Amino acid sequence: MHNLYISILSIASLLFATDVYAAQSVHDILKRADESRGNVVGISWEVVIESVEAQRTTDTMVYNIKARGFDISGLSLEPPKYKGNKVLMTNNNMWFYKPGLSKPIPIAQRQKLLGNAAYGDIASTNYAEDYEPTVLPDETIEGEDCHVFDLKSKNDKTTYDRIMYWVSKKRLVGIKADYYTVSGKKFKTADMEFKNTVKVDAATRPFISKITMHDTLINENVTYMSMNKPQLEALPDYIFNLNLFMK
Amino acid sequence: MKHHCWTVFSCAAAISLGAANASDEPVSASSLPERESFYEEIERGFYSRINVLAFGITQQPANPSALNPDNVLGISRYQAVLNPRIDLNLDFRRLEVSVKERFLYVWQRWEDGLPSGREDSTAQFYLNEGFARYRLLDDLFVSFGRENLQWGPSVLLSSSNPFNPQNGRNNPRVEVPGLDYARTVWVPDSNWSVSFIANTSPGRLFSANVFGLDQTSFIGPATNVEGRRFEQSYALKADFTGDGKYFSIIPTYRNQNGYQVGFFGGWNVSDALLLYSEGSAGEQRDFEVQAGTSYTFEEGETINIEYYHNENGCLLDNIRDCFTTRQITYRDVYYRQDYMMGQFTDNKIIGDLNLNLRWIHDINDQSNQIIGIFEYEANRNTLLYVIANGYTGGSKSEFGSLLNYSLFVGAGYTF
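First to last, the sequence lines map onto chains A and B. Using numbering that gives the first Met the number 0, the letters of the first sequence correspond one by one to residues 0 to 246. Using numbering that gives the first Met the number 0, the letters of the second sequence correspond one by one to residues 0 to 414.
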């Protein structure tokens, strides 16, 4: 029986060789778009987060962030009442520390979420590798021709079961995404801007500068995230080590 | 909590959106200037936090009480405290220097027992933490100085910690005293790290209580606890962090109490459910274990349940006899054998109000401590807080023999 399966798979792989080639091309587009949002060796930047509810700014936070692959180390700088708060995620384990707590406490990935979204799951967002794309007809978003992909999660590490993703044909950056919960409900939309630039293989590329996230369940809720001073640099393992975590 | 979660979530989203993985990532370079001046480098590595705390405490000693008849322990009825805290940190190239300087002014008034009608005050500058850490290699660090070295997932106490099991969770506004350590940390990869830790002196371990700001309650110095001597200890701490799980083992040699092995570990069963355990075993029937779980609901509320067993805990009916027979040592955070804890946490429960409710049940003598931590975020700089403790149990019980209640009301301003 085992040999029969292998034979069927071999024949199928020959028959669908053309489709496999096409999928690889889509993978390259997604990978290129991913590269405009991060870097595997590491990125340090300042993230300013402004939360608006019912057209009123309810809070503004500034985080100093170091990220590498799925690992994150963040230090809160503003507002003063949150100064010194830290988050660490490494190997899908998360800790939170704030001055006075005495020690980092482990937290569930869900604890950092609004609604059904999970912090840790989102941190593992890697569209090219973690999602199975289905190509949809091209669309134009604010005058820009876009590839449109319906991304379906491949594993349980991801936050969203499904993402609708618009990638600019000209710039090869993702400019819009709709996020869906496991139950199939759309609950968040993100618009992305790329006013930062980085050099990759001696070529200048656009790099993420701002994300505007709309909560589709509560329409007035918007969160703006501005990513400033991006610095691509190798981040060693010690940056993400719990023993060296506290200030 | 929800709002804070949202902002943290947003931050996470920003991070994650910048954290795309690619195993064959092209060589990349930053768009920032390639060279920075010495001053800019210092400025980038400097961190400061100035926090001024002011609070008042009112507490009522239990009466009658087997442990504190006629208030012989001198528990004050009222306290007023001013506590500015300055945290300075410089991360410069391979060197990191951290200083946490404190000033504490305490005024107390007694209304119960022999010291009734007396008032007293004291003030002190002190260094709660201050250490230097040097990065010999990217995977090897050495440090020396005073640190509040805490680890482990448990809420009640950290039974795997041979240096100070008190983790300060019952009152986050009272700092756990720093101890003096020499420490080496080796980080060979993202999964493993190994630390060698030597406790070189008690630091502030014993001096912290003289102000009556004990973490467990506000009862002042536990002067009759046996063995209040510094015990030099050496620990090797090996940490493994795997995919959604972690485990640490801490073999220790203690000058007075010999060998001990501590451990802790946790498993993220799902995005909402965590399981964890912590404990230690050593010579002289020294065996402690904790097991706990936490579950986070969709809106962010979290419940914790935890069990703690201390094989050396005292089972004598009268808690006073536990002291007189020296069954309690200075390291003990809780005195009996078995405890249950339940906790409910919800930040931003109403507007900017954060809530933490904790119930600690002494299974052996059926006494209870109930803790409510309320925190209100008044503005960008100011936190107002109330920490209320209620105690139930007979006059010979652990929780029922010292206080009926305590109320801690204060404000914190952060620059």
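One or more of the hints may lead you astray.
As the list claims (entries may be wrong) - For each label pair, taking beta carbons as the anchor points, the in silico distance ranges come out as:
| # | chain 1 | residue 1 | chain 2 | residue 2 | range |
| --- | --- | --- | --- | --- | --- |
| 1 | A | Met-163 | B | Asp-242 | 25 to 31 Å |
| 2 | A | Glu-45 | B | Asn-403 | 47 to 53 Å |
| 3 | B | Trp-191 | A | Thr-59 | 37 to 43 Å |
| 4 | A | Lys-185 | B | Tyr-133 | 49 to 55 Å |
| 5 | A | Lys-185 | B | Pro-250 | 51 to 57 Å |
| 6 | B | Val-96 | A | Ala-233 | 52 to 58 Å |
| 7 | A | Glu-45 | B | Asp-242 | 36 to 42 Å |
These are computed hints drawn from the structure, not numbers from a lab. Because the structure is a prediction, the values reported are computed rather than measured. Yeah, the Cβ is synthetic: ideal placement off N, Cα and C, and Gly gets one too.
Structure-based check of each hint:
1. In this structure, A/Met-163 and B/Asp-242 meet the distance hint of 25 to 31 Å, their C-beta atoms being roughly 28 Å apart.
2. The hinted range of 47 to 53 Å is satisfied by A/Glu-45 and B/Asn-403, whose Cβ atoms lie roughly 50 Å apart.
3. A hinted range of 37 to 43 Å for the beta carbons of B/Trp-191 and A/Thr-59 is consistent with their spacing of about 38 Å.
4. Against the hinted window of 49 to 55 Å, the Cβ-Cβ separation of A/Lys-185 and B/Tyr-133 comes to about 51 Å, which satisfies the hint.
5. In this structure the supplied range 51 to 57 Å holds for A/Lys-185 paired with B/Pro-250, their Cβ-Cβ distance being about 52 Å.
6. The given range of 52 to 58 Å is broken by B/Val-96 and A/Ala-233, whose C-beta atoms sit roughly 24 Å from each other.
7. With their beta carbons about 30 Å apart, A/Glu-45 and B/Asp-242 fall outside the hinted range of 36 to 42 Å.
Checked against the numbered hints given earlier, the structure breaks hints 6, 7 and satisfies all the rest.
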